[in-house]
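J.: Protein chains in written order, with UniProt numbering: chain A, 1 to 469; chain B, 1 to 360.
Every clue listed holds true.
Quick list of the computed label-pair ranges, beta carbon to beta carbon:
1) A:119 - B:205: 36 to 44 Å
2) B:237 - A:65: 41 to 49 Å
3) A:63 - B:95: 32 to 40 Å
4) A:79 - B:161: 32 to 40 Å
5) A:63 - B:319: 35 to 43 Å
6) B:96 - A:115: 32 to 40 Å
7) B:31 - A:41: 52 to 60 Å
Since the hints were made in silico from the structure, they are not lab data. All C-beta atoms in this analysis are idealised placements derived from N, C-alpha and C, irrespective of residue type, glycine included.
Here is what each chain is made of, one letter per residue.
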Amino acid sequence: MSVAEARAERSLLSRVMIGVLSLLAVGGCVVTLAAFAYGRNAAQQAYDRLLVGAARDIAESIDIIDASPVADIPVSAFGLLALAVEDRISYAVRDAEGVLLTGYSEARPPAHGAQPGREPLYFDAPMQGEAARYVTILRRFSERDYSGRVSITVGQTLRARNAMALEITRGALLVTGLGGLALILGAFLVIRSAMRPLERLADQLLARDPYDLTPMAEDGPAEVAVTVRALNRFMARLDRQVGSMKHLISDTAHQLRTPVAAIRAQAELALEDDTDQLPQRLERLLRRTRSLGNLLDQMLSRALVIHRTDNAPPETVDLRDIALLVIEQRDHEVLAPGAEVELVIGETPVQVLGDEVSLCEAVKNMLGNALRHGKSPVRLGVSATGAMAEIWVEDAGEGPPADLLARIGGRFERSAASRGNSAGLGLSIVRAVAEAFGGQLNMGRGEAGFRVTLALPEQGTSMSTGDTA
Amino acid sequence: MNWAPLRRAFLALSLSLSLATPLRAQEAVARFVGAGLGAGPGSVRELLVRSTTDLAILAPALEAFVALNPALALTYEQWGSNALYDVSLAGCQGQGASADVVFSSGVHQMVDLVNRACASPYASPVTEALAPARRWRDELWGITHEPAVIIYNTALVPAAEAPRTRFGLLDLMRRPNSPYRGKIATYDIESSGLGYLFSFMDSLEATTFGGLLEGFARTEAVATCCSNEIIEGVAEGRYLIAYNVLGSYVAAVHGPNIGVIQPEDYTFFLSRAFMIPKGAAQKDGAAALLEFLLSPGGQAILAQSSLVQRLDGDVSSLSESAQRPIAIDPKLLIAMDQHRRQRFVAQWRATFGTSLRTGP
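Isolated chain B, as found in the complex (with noise of 0.2 Å):
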């Protein structure tokens, strides 16, 4: 496909990455103006974003959709997925103003947001042509395809010990005197919902996750906030391996000496959930942009920017059996359950114990 005609059109991309207020706790804040700006700015619509993903790994796909409708204006904030969801459950009980699209990857907060009648339905055949466990009551649906894979430094981890499995990683953990103490990383469960996420679906996906956790212990790991400190301390070598990482976001680092690897017991495929908020002021405009985003164009895009990872044969040789993608439906309110993340948390917390170093 031949974006130059987009590229040539005018594109204000203003970025504001300086941290905005601590009150409103985005992360990043960008603005998207089409071609279209010759026309009023009363003619202009606002859209307003608010969603997890990376800025520069969705940026290319919103610079598609602001060219081809110049009519709107999007303005995109980036949040960490703990607050997205704090301040959508505040919009959504009236308090504070409610953005057009909620697009996160804190997908079980999705659903129970969904489940608190936060969202606003919207069928097309489109949506409807998204596989079930896509889409939830015509009010949440899944736009990308994303693994939750491992990775590891190729320069210090030999490529014969890079684990394959689950039970690799776990053996590679169990040696003594291991070289990889405090060398491997993973998401800080309190502090990332989707960290929390991949955790509980492999508390309920196999029992290798007691082991994991165990192994965690034993080798010190460290558990970090965020999925670029993650990947640019392996790319740099103050981790060698780190698990559950989305890849995705590897992808985007495009470091030179970062391993993947789908896990070949099971590798979780989670699909950032869309939400057009009850309170939106646009949702004509939501509509579109969830329009363009599941269009072949949008997908194609979005593919680009490794958002959406289909197997191609050769990457990969995970069977169909390994791959568990987080289907979005309402048994992921178990996660949002208080007694059950209390519980969760606190294993994780005995398990860890203090030896648990949270990252830089």
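Same shape as in the complex, but just chain A (with noise of 0.2 Å):
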């Protein structure tokens, strides 16, 4: 464990709750905007209600006396008004004329332009050099002796109207606040909670033994569970090449035991032995180093396949290229000098999942066995039988003992290189091809003889099920 990878585990969490509270701060500033442009409307919108309705009070008072509109202010007008305790009042009556009756010089709408009319005119002008808002109304007179319009101007500093959008915004801002206070405390649980299993695991690895390969307990949440069997597929491939490496390298050393003592045997022997026998002792030495030879080319083979099956990730292989390649290589040539391998395969692709090759490995094998110990002709070929596919050798002869038939094709076959051949070894890696890409080894006699059968499953679209043999 290193301060790195606890620093990345921090950085995980972090970094989660810097996008969160980045949000958080971006929400909180569009609410605080929100927040105060609605309480400076709702503030506005009170407040001029108290102004119009100061102003009608006014205007309701006025009687026509003499010819002249005369207010009789009522103190509910002002009462109105001074609910805005701190604000500043000025108000002005006019006559039709536009002089003024009563009130302060002034209140005046603006002479340029909305003009009121009907409805209630608003309109924003200092008083005395502080901000103040007003409104204008009218009053229509029809007397015998007045006849035209009164105009009513009600104006208020703004005091009672800022404190209010103010109070407004700081009410929505402390609700909010806390509001986000309990969010930024909810997703640090959260998020803190969702990233235990994550936390877990990592423990989990950290205190295992790095020799450990068993698995881990797949439970979790769905990601977590993923990257677990992931995990365990990737440990099992190793369990599985370390367990490989450790039978191949036990296997050598059985294999090679008995025909290293018996070469030294025959060295010994051609060393004590009478000059006249010596010809005799060193061709069975070279018998036996020759045995020993295919016995090693065998041995690579079959780690390589084994490599392969496990490195090599599958791809679409035509059954009868493999076939071609095989004869191509011309090995058998040198197995069985003047043997005749007879092809057999069809028009169309015969198509499997696997690696081109561990396949031909597995094959030259099958030939090899029919070669040494099997009866010309041989033949090789590939046919499709409904759904799986099958490369196959078939010699003329009756096939290995059934009691070695049994037993054939195992592992350790440890009988096949004390007799100095390799038959169990080969059809082992043959085995093992088969089931490393989801098929069969079978192996019977027929008609024309022994056949030995790598069946896998067909691929693509070949519906070829004709048996060109």
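With the hints as a guide, bring the two chains together.
T.: Below is the structure:
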């Protein structure tokens, strides 16, 4: 466990938290602006109503006395305005010509712009240097001695409005702020609890013996389970490979011990025996050595197959190509010079999912066995039967005895080596390849002789069912 | 509280009771200088206070103030309320020098001045401790607490007849062949801002006001300008009863035969309003004076001068609901409205008619 790992763990949590906090901060800004706009609007509406209420009170109080409008402003009008305790008040009552009747001369609608009509006219204008809000309404008189309209303007500074807007904003912000804090706390807890399986996985991995390749429990949320499954797969492969390696080494040791002992014995005999026995001894020694060479080839080939089946990703392979490759490499001519190998393949591709190299090794071994132990003629064929694609080797012989057939193809066929041949080992390679790609190894006597078949699931669109043999 | 050290301190009090020039309508001018005269004249700041309050009543408080603030020399000008309003408004509009403090009993006029943005704001824990009805916008503060009372001559009015309420006064005035004919005095609302305010508030407060006007007319009441004139008249027996007199002035006269009644139907309490004009040169000095007047020490001196009259159980039986403080708030602007004022004065005149006599 290093500091860097610990930091990496922390950074995932903190990264998510930073994301959440940024989102909340943006949201908070939006809410603040919205709350302020809303607060201002609400305060504006509330106090505009007071203004227009006061203006209507004043308008109601106007009478025509001696051909002139006279206001008898009720206390209630100013009582309404005084609800905004800290605000200064301005008002003016003007006749049709715009002459000030009572009030403050400053309070008048702007000379240019909208003029009051049926609806109250609201406008903003300074009141002795302080920002203020005004409303102007009209009252029309049609009396015998006065006809025309009287305008009533009422204004008020903005302290109460601003205070109310601020208060609404502050209230909203308080609630939002508390909510935000709760969200942050909640997010922290949720994220931490969501990350706990990851932490647990990390802890398990850290606590694990590096040589322990047993699978881990695949519990926890789906994402973690996937990771664990992948890890388990990886570890299983590693385990398998290590196992294979161990087997290979022990097999090799076992397999090599007997031939090497035999070679040593022959060599010792050659030294001790009479000179006239020497050519015979050397002949035996040579046979033993050649047999050992074959054995080593097959072991290498098996090691190669084991390596590739675990490492090379399977790809689509045409079995006919495999058969052709094996024939073209002409290895069999070394094994059995002069022997004829007949190739039986059709027109349509016979595709399987596999590894070309491994399949070639398998087929070579099958062919080698037939050439070595069977009778001519030997035939190599490819056919498709339903769902299975087959590549087979057939010779005209009887095949091995039944008891040997039962044991053959196992991993560890000591007797094969002790007898100086390697058919068992070769078949074990074929079987390993078959199993690696989901197929099987079949052996049996047919009408034409003994046939060894490597059957693999057919792949691709080839619908060929015809046996070209 | 022991004020002896202050008394011992050198106090320069120069009274120029002679009426000043007609242009400047102040009624009296006085200068208060603390003990710090040793300091050069350059370090003494001049504070100009314009007020409607009688100099004699306010002097103890001002003396105490300059004794505490030796760096301030205080010039006190006593004005009539209407003149004070006019000169302050003119000062606000840039015509003429502004005072550093305006302190008036014409509270509606002061509210109007503040409403016209003539005041300079000031806030401190002391001012913020004031009741909401005694301050407005941190620009106007109610300093005093004075009742509007009915006074009568105890020698000439039988105690049983002394009106405890306005209804009692009405009954007195309605008697046929009333001995009070021509012997009842009140403020002339046109020449006294305070008188106008009281009458106007009466007209808003109760329906008795119409009856009172009618009674005044019937008994040929005297409307006169000034508190002192009314109180002295009652003390001397020229008037038997005076209506709506400021209680603080009555207490200052200390006439032996003046009875004071806080009407039991309702009694107005006036809080003189203190304002620092926006054109004040000595805003710090003005604020210091405000702080002093509102401080416990200042309020104690004002109480001795009867400018702050707390109700002490036995002095008055006035119920809570009968106490009507005149709140310093924008509603007082109604009293300043031209149309309402014209209507009110017209009603006053129409009711009194030619029978209204103005005092000497």
